[in-house]
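Asks: Between the sequences and the hints, there should be enough to build the whole structure, so can you do that?
As given, the protein sequences belong to chains A and B, one line each in that order.
Going left to right, the first sequence walks through residues 1 to 193 as the numbering used here numbers them.
Going left to right, the second sequence walks through residues 1 to 193 as the numbering used here numbers them.
There could be a bad hint or two in this list.
Pairs involving identical chains hold if they fit within one copy or between any two copies, as the list cannot separate such chains.
Mimicking DSBU-like on lysine-lysine, the simulated pairs with C-alpha atoms at most 35 Å apart in a straight line are [as the list claims (entries may be wrong)]: (1) Lys7 - Lys121; (2) Lys58 - Lys7; (3) Lys30 - Lys118.
No lab work stands behind these hints, which were simulated from the structure alone.
Protein chains: 2
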Amino acid sequence: MYSQINKNISRYVTFDADELEIFDSLLQYKAVPKKTIMLQIDEMCSFEAFVIKGCVRKYYIDANGFEVILQFAIENAWISDISFSNYEDKPSRVYIETLEDCKFFMFSPETKEELFSKAPKFERAFRILVQRSLAVTQDRLFNTISKTATEKYLEFLEHYPTLSQRVAQHYIASYLGISAEFLSKVRTKIAKL
Amino acid sequence: MYSQINKNISRYVTFDADELEIFDSLLQYKAVPKKTIMLQIDEMCSFEAFVIKGCVRKYYIDANGFEVILQFAIENAWISDISFSNYEDKPSRVYIETLEDCKFFMFSPETKEELFSKAPKFERAFRILVQRSLAVTQDRLFNTISKTATEKYLEFLEHYPTLSQRVAQHYIASYLGISAEFLSKVRTKIAKL
DNA sequence: CGCTGGCATTGAACTAGGACAAGAAATGAA
DNA sequence: TTCATTTCTTGTCCTAGTTCAATGCCAGCG
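Replies: Take a look at the structure:
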């Protein structure tokens, strides 16, 4: 059960058995049914969750009530509103919702602090996780600005081959920053080639 | 000379005098003339720079040769391709260029390691810096997708009031993800109100 | 089984913003 | 001061993507 997350956290920093034991002992397991909103706008995000099983989306709602999906998280990904919460004491501007029945390992701000004090090397591992999120988000920004809808969709398929089977088309459209109708047109155009 | 950067690094983590002394002793001062490219595509980013004075831009070049500006950095901001370099051993996909004559304090990967080993609390401060970058980039992604050119420009003026005087319009257009010509039209429309 | 409510598709009309071109204005080097 | 280069503006035409509406689809539920 712990092997997935232990492998993930060890990706850029090597930990010995003692450290991983501390890590595992602080994890909180949680199962969440599908279509559950785990973080509301204006709430403080009180968790950092690792997806053992399932699929989650994180999204903003714009001034006209339209959703913009910032991130999908599936197995072996982390999801949280890490960017503001807990460090700025600013309430979250995003929603986090399960799209499927999910199983998580979670850290609360408190258990994360406990982890860092008991095994400081994890501070580095978490910093690198954030850096990777930053890299992904920067790439996404670049793609959003510089590519056509068709290019963005093809790249999405390449990058997340399984996701297009698991989530509704209109969520993918929202992630790509295009309308659901236009994505449908793009798809029929691609299919005809 | 060190007060600016010491204030900046102490924003979310409190350091004592000893720690700040270690920090200051590891900084490398560097002056760079305007229009200098500090990081080329496919190079490894070997610095993390704090802007004491001046203005810098970080940008991608897309498949058609168009620049997309990811970030401006002015006084008291950090600039680097922190997202990949040094941790993935992947070469940078971005350019970093000075727009004005600049003065920096820099860390190399080595001096940063030395800092973390001598004063581990800095690891946390740097993690929080990355989280703030992530928050800013996420907001930018959301704005890029969900707002009109006019809204984006007005928000830019509000958020970076001095920058619109310091950098060329077409750089701002590139940052906002619109053409320079269209930004000009937006500006005249706004001026007429 | 049939019904209901969310999904996806398709089409027609519309628009925000892009591409191109040409001129005006500002900057800067000599 | 002049010439050159870059930046900014303005106009015209064009297109990628939106909006709105109608239709069909299929999954879950009584």
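Asks: Identify every previously stated hint that the structure contradicts and give their numbers, smallest first.
Replies: none
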